[in-house]
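Chemist: Here are the chains, one letter per residue:
Protein chains: 4
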Amino acid sequence: MAKKKLNIGLIGCGFMGKAHSNAYLKVGKFFDVPFEPVMKVICDSNAEKAKCFGDNWGWQEVETDWRKMVARKDIDVVDICTPNNTHREISLACAAAGKIMAMEKPLAMDAGEGREMVTAAEKAGKPTMVWFNYRRVPAASLAKQIIDEGKLGRIFHYRAKYLQDYTISPDVPQGGDALWRLDAKVAGSGVTGDLLAHSIDMATWFIGPMARVCAMTETFIKERVMAGGDKKMPVTIDDACAFLARFENGALGTFESTRYACGRKNQNTFEVNGEYGSLAFDLETAHELEYFNHADPISVRGWRTIQTWDSKHPYMKNWWVPGCGIGYEHWHINALADFLESLGSGKKLCPDFRDALGTQIVCDAVLESAKKEKWIAVAKP
Amino acid sequence: MAKKKLNIGLIGCGFMGKAHSNAYLKVGKFFDVPFEPVMKVICDSNAEKAKCFGDNWGWQEVETDWRKMVARKDIDVVDICTPNNTHREISLACAAAGKIMAMEKPLAMDAGEGREMVTAAEKAGKPTMVWFNYRRVPAASLAKQIIDEGKLGRIFHYRAKYLQDYTISPDVPQGGDALWRLDAKVAGSGVTGDLLAHSIDMATWFIGPMARVCAMTETFIKERVMAGGDKKMPVTIDDACAFLARFENGALGTFESTRYACGRKNQNTFEVNGEYGSLAFDLETAHELEYFNHADPISVRGWRTIQTWDSKHPYMKNWWVPGCGIGYEHWHINALADFLESLGSGKKLCPDFRDALGTQIVCDAVLESAKKEKWIAVAKP
Amino acid sequence: MAKKKLNIGLIGCGFMGKAHSNAYLKVGKFFDVPFEPVMKVICDSNAEKAKCFGDNWGWQEVETDWRKMVARKDIDVVDICTPNNTHREISLACAAAGKIMAMEKPLAMDAGEGREMVTAAEKAGKPTMVWFNYRRVPAASLAKQIIDEGKLGRIFHYRAKYLQDYTISPDVPQGGDALWRLDAKVAGSGVTGDLLAHSIDMATWFIGPMARVCAMTETFIKERVMAGGDKKMPVTIDDACAFLARFENGALGTFESTRYACGRKNQNTFEVNGEYGSLAFDLETAHELEYFNHADPISVRGWRTIQTWDSKHPYMKNWWVPGCGIGYEHWHINALADFLESLGSGKKLCPDFRDALGTQIVCDAVLESAKKEKWIAVAKP
Amino acid sequence: MAKKKLNIGLIGCGFMGKAHSNAYLKVGKFFDVPFEPVMKVICDSNAEKAKCFGDNWGWQEVETDWRKMVARKDIDVVDICTPNNTHREISLACAAAGKIMAMEKPLAMDAGEGREMVTAAEKAGKPTMVWFNYRRVPAASLAKQIIDEGKLGRIFHYRAKYLQDYTISPDVPQGGDALWRLDAKVAGSGVTGDLLAHSIDMATWFIGPMARVCAMTETFIKERVMAGGDKKMPVTIDDACAFLARFENGALGTFESTRYACGRKNQNTFEVNGEYGSLAFDLETAHELEYFNHADPISVRGWRTIQTWDSKHPYMKNWWVPGCGIGYEHWHINALADFLESLGSGKKLCPDFRDALGTQIVCDAVLESAKKEKWIAVAKP
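Chains as they are written, first to last, in the working numbering: chain V, 300 to 680; chain P, 300 to 680; chain U, 300 to 680; chain W, 300 to 680.
In case anyone wonders, no lab produced these hints; they're calculated from the structure.
As the structure is a prediction and not an experimental result, all values here were calculated from the model.
Be aware that a few hints might be false.
Where chains are identical, the list cannot tell them apart; a pair therefore holds if satisfied intra-copy or between any two copies.
Straight-line distance between alpha carbons at most 25 angstroms, and here's what the computed DSS-like set of lysine-lysine pairs gives [what the hints assert, rightly or not]:
#1 Lys325 x Lys304
#2 Lys302 x Lys484
#3 Lys350 x Lys302
#4 Lys564 x Lys616
So here's chain V without its partners, still in its complex pose (with noise of 0.2 angstroms):
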């Protein structure tokens, strides 16, 4: 029986629009989704990169101007992926022409675009899913669902670190195509939009709301040459960010990012410690979850390494046999698959524009506290 066709436009030919292209062409081949994802459109305002990128991913039509792009009627979903610094006027856009959308992070530059965005999405009443894809980790699934069975307990503490170390060389420029993420104007901020915004996402979805938190942030490399260009500009962006936080539950969170850890290539971690039993996660050894079971018995008790590639793990029944790993971009096939679905049930199974505000608004009172140098409470979503 034929499925339902989902006609799909996305604009940005970057990095993260080869990961979705890559997750439509992939998403029903491996996974009974209720649409049919079209790769009908691509968008990209330098219009030999779309050509190229359009044919190289099969995606049958082309454009350079995103405005007539959302403009057509035969598109239902527009899928994000250009910097930051236009995610505002593009999703006001499409939330005017009633389109169903799916944002790269981060939501926005900051908070208040953040709500202005999610007032005119909730008003247009389409569904909206921001790609945190970390999520969709099988390991970090496994850890939701086992803090989510009550299998910790009351939870103690939450430690993310997010260390990486591209930016250690002073020649490294800032800006320009590849490094806009180096740049204030477009990205918003630095480690702290980029890196922290996936740590509070997880931490957030897994153990609700933090009330206050309290940060330092650090720009260790003060000058670069602007891409393309020889003359060194100062950075504004934060190369480095720590906090502090406390949950509203009353757990205590810890939280650090970097661009500066030699030797740490995307070592996104997190671990919960509760009162039966802990978690530990490295996505850098993705598809294994550490877990600590409190109730063993006492001789044989340990850290448990749960090589989550087995059927029964999230995910995994859609992909190869146990010991067969994934890899990163099946994060992304399996955090569309589960939006499919949800267009599908109508049941939400993705963060959607609401719950990015929230990390938005978390990013916003890290900077400012930062700013400030005091502890800042953390507003609603």
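We have chain V already, so just place chains P, U and W on it with the hints.
Modeler: Then chains P, U and W, alone, in the frame of chain V:
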């Protein structure tokens, strides 16, 4: 510029057929290969399965008789993903029809068949390739580079294990579509041909041919129900196999495989000890290669965990960015990319039928040694 | 040639008294130190305990009044292993009596006491030493060497955790002989003085003093039965503490400690990220130091697991042979060997009272910051 | 209450003499054993070495002729730490003199000697013990418990490695005081008797006797200078040995040892696979035992890393507290505690001469198998 197309016909809609289909779908999207593989014909004797599989993966046409498919002029490459006891007949037909062949391992039921197939294929003069996909794990390819560069110096030891646990329960049946690997009439042998074939191929690729082997095999569960029935029949395959080896270059090898190692899902390991350093690998953390370099200053000397996801590591410039790993499916895609590259350049990059025959000969020697309980010399392929 | 003898008087027959007695017994058997420590007098207010302890460990005499022992002319060194609330009084008496002092950490109940003790000790002019034994873990000493040699270059980040789990159960009592660390009147503080003092000492030793800190503390179980009774009383110590720090050299630090991390027994960790490399350590696998050297060629670059049991590693030429590790007790023996060495050469090798005061001041600032919920500047020791 | 004293005479002031002296010094301080070992006489043919060693460790008297020491009425226990080629003669004299014996492994130069020694010792009727100290690593003792409790069920596989690297350089000499283990006339064999003896003892202790073995050995460096000289002589010991084994209970075993595994210092490993679970151990992280329990619910099933430092783990209530590990020397002390305990209770707790003969017989069978290149049946001890 449009690439030259290469029409593919694939036989067998099982697990490997899926892995290969995925490779044909994706290879051109990530690698700049000299040919565009066209997913022309899918073939399976089960018509409904073939139809369904073909629809899902985008194969243009469906056949139920592989002879018809092989007879088609418009098929350039035949990919053989059928059970082992069909490899000989199909490959001889393909050779007669002048097809390029891609064969899932192992090559044949035994070395006798294998020799016949090599003779036919070499007479036909078309390229052949056997999908020993684990060579294409970036960490394994890196190991090959390190050894070839002489970084380990003279090799003293090679040790390999390939451990699984899926047949521990006496309730697992044998035979049928899913479990033909447990049926000697279809598979030829048990863990020897299925798992140790990988270990032997890798070892030979790394450090050259073996001269002599001495093995033991065991079948722990002596009788199992045949799939789909309720009658217990003797189990004829080897559940477990271990062997000692002397390589032609003087190195010692130890090899072991079993499907009775509780807790091991796909633990395919190797360790190489040379005079200047060592390497160690475990497929269950496939993105890591352990490397010990004796030349490091003694106080800071230690095993290095190389996370093989830098763009300088084999195949990785085609995938994502450091810290964003790949998985099982990608090793097949890497292998296919090499094969397409070799078809364009004429430069041999992949194991061909003759290489696979070498592995088959070792497997046969291993089984003979276990049966006769003595050392067996390994013949030349 | 007979060595000069050094008469030791040790106060306190608890856990640390045992660890120190073992050190006095063994140090001369493994290290060629300039003094022979004579186990002269053991002192504990509990006469039976002191007698039994003294017999077991071979102390020559027993005292129940520490004042009498301090008054003896034949005692050269007083080793103070009593609860924290007695450190000041005993040390002032020792200073007045001109004794060399070895003090179990932390120095004092607070920095006020600590300053008084430092003043008295420095006026007396005799050497002092505080047993921060974790400095003497070979891997930690090696880390110090690597940092001092400049192998990491400019330091960007320091992160430390010290996690335990032994107070998760609400049924654990507070106070008494065994659990005085849970009683603020005796211990001064909870995890801050007990565990973070170690982390602070290590961090300061490695990369210099902190300028400012911002902390939060928590007491998860608000009431506990007093040891030996059945009446619940408020818990007055901090169960958990986390803080942000800015070092004087510009590096960022994060520190966390708790006794509520289920599954962590003695997880004292540090990670240092510099411009040329990084180090990481976990006391739960204390013989290993992780080292990342960015200067290694990219394709074979990785975190090195240095097993610090070569004779070239700190202290290890005095112990066994590579592969034969040491344990908890040996770190105390290493510390004692250093102290005896420094007594002979006059060269400072160990943290003295003033160093420990520096740590105490940070602890006080941390507790003040948590109470006032703001950043606190760290005073000079 | 004063304990009954047991006068010890120890022969051999080398590395093992040191490890045993330390054990006699410390055992009573940590274990409540039924005898107090008195360090009565130290004996070494080198008078100066014996004097110096005796002074350092507190031995009361020094002898240079072991015969004189064995003849003394006041010696209860003779501990034999001399090179292997002296074991027979000394032990026969001890048996004749009615001494309790503690012997460093291996028992003898070969099984012939071993049988003679067992006969003499059993005729004398005094207890004997062979220091297979690795049984007393808490993780290994825990493994024994787990197996004996039936937690693994039927055993399918046992695999052991014992890898070192200290003879890779051709410049390492053979023979002399330090390197007599490289001289076949003194050591009997190379890695087989030195290292595999440990692996064989452990395997047999865990799962019972072997029925048959098939081995290969190699000597990679064919000639070495004799220690103290400059003349190269043929190397007569085995540098490396690997063997296949069939246990009497039907399990398969693989064993390998070498001193040519670059980067491995003391990597003594075992893995046991049973129908309900598995165990894995590596002496290089000796405080950890890996345990896989198939009965855990599938989604949270994983290898558990048991940190064997809880008071409920074997021997650990006598040492420190959880998180405060022990090291190499403590395994000897644990063994001695067991031996003293068994002398008090009459209950056998340690491997005796007959057990060690069983291991010797396997070693002989292994060497014979390697020489004859065929399977060899293992005789009864």
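Chemist: A separate judgement is required for each hint: does it hold in the structure or not?
Modeler: The hints, checked one at a time:
1. Lys325 x Lys304: Result: close both inside a copy and across copies, 15 angstroms intra and 22 angstroms inter.
2. Lys302 x Lys484: So lysine 302 and lysine 484 fail the 25 angstroms test inside a copy (43 angstroms) and across (41 angstroms) alike.
3. Lys350 x Lys302: Classified as between; 16 angstroms across copies, 28 angstroms inside a copy.
4. Lys564 x Lys616: between (29 angstroms within a copy, 15 angstroms between copies)
Going through the hint list in order, the structure does not satisfy hint 2, though it satisfies all others.
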